[in-house]
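Novice: Residue numbers (the numbering used here), protein chains in the order written: chain Z, 182 to 295; chain V, -3 to 110.
Everything hinted at is true.
Output of the computed footprint for chain Z on chain V, the stretches with three or more beta carbons under 8 Å from beta carbons of chain Z:
(1) 25 to 39
(2) 88 to 98
(3) 101 to 110
Pairwise CB distance ranges, derived in the manner of DEER restraints:
(4) V:S48 <-> Z:A234: 28 to 36 Å
(5) V:S10 <-> Z:E233: 46 to 54 Å
(6) V:Q67 <-> Z:I193: 41 to 49 Å
(7) V:T102 <-> Z:N199: 28 to 36 Å
(8) Z:Y282 <-> V:R105: 25 to 33 Å
What the hints contain is simulated information worked out from the structure, not anything from laboratory work. For every residue, glycine included, the Cβ atom is placed at its ideal position computed from N, Cα and C.
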Amino acid sequence: DTGVSQDPRHKITKRGQNVTFRCDPISEHNRLYWYRQTLGQGPEFLTYFQNEAQLEKSRLLSDRFSAERPKGSFSTLEIQRTEQGDSAMYLCASSSGTNTYEQYFGPGTRLTVT
Amino acid sequence: AQSVTQPDIHITVSEGASLELRCNYSYGATPYLFWYVQSPGQGLQLLLKYFSGDTLVQGIKGFEAEFKRSQSSFNLRKPSVHWSDAAEYFCAVATTSGTYKYIFGTGTRLKVLA
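Looking at chain V on its own, in the form it has when it is part of the complex (with noise of 0.2 Å):
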């Protein structure tokens, strides 16, 4: 069955530092993947998708993942957080079969120290 791993419930860096968000994925074909922002209370904002080619994508906000098929992850990366980051971050696949539903993670929640 098709699954999505986030390993990291939470985690805290400074501001500056850089950040890297694990997500590991279970599906047998080409994997569409997605990495979701939710800040508090609010819906979910698209930071950045994969369908196929470069496997360095770039997204909004300075994000930017890696996909990598040998180890079945795609990973999200920032060089440098601002405060402004802290939030909940999931990691997402979307069937390719029928509905195209997505199946997520069960989040990442990033705490940012001044």
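Bound-form chain Z, shown alone (with noise of 0.2 Å):
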């Protein structure tokens, strides 16, 4: 069990581009979460997968951000036209279907949007 780890870590973009972002979680973890966080502030929820099933989004995630979890393990973020209000670090957690109160989480990816 290596733990849940997104890549990149860090990633800095201009503002206008697509960026994507990817999260592994632990093996067997049925559930996956995304959540936001902004300077000074506590990490917000994203969104929510069970299986490859996305069953819910936060009114935070906009049109521009869509997720995926094609097969029911690592999930991708992607935002479109980066925004520098996009600056963020984004978590990925994850959780098993025994134990669904405790996530783990991964490092994070840093976004900077220039």
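Please assemble the complex out of the two chains, which come individually in their own frames, going by the hints.
Specialist: Here's what the structure looks like:
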């Protein structure tokens, strides 16, 4: 068990560009979460997958954001036409079906939009 | 609606002094509560959790927290702070229906004076 991993750890992009982040959850964890953390704030929920199904999306997730978990394993979060307000830490977490309340967090991807 | 309040944005203590970080939650049912620590630029590390049972919970790094239902509080304590404890601390509550997503407080930044 290597924990939740995220790639890349840091991403600097210019406004208007598209970016994609990847999250690899703990193997056999069927629940996967994305959170966003802006400077000086706590993480805020973005979206949730159970296996490959995206079951909830926050209102924070504008139509420029899309997330997938195609085979119920890794997940990607894509931001199209990035804006400076998208600059944040994007955190991924996973949990198992038998211990649903305990989420394990990855190290995060820090996005800077210039 | 569920919420978590951390009233103290910044706290400064001297090394060796005791510490208490406050957390108040708003939730109708029995809450599932967590404290996380985050060093600059890093992900979240779980300090401790409360699901049920004994209301005094022991965690890692010498931290403990006490669940008080009557006060809707889950305050984090440490008897003697070390300089390495300087970080940001987040309290969180897990929703208990549907997604089991976390709701985080805004965090308390701890500064430790030598």
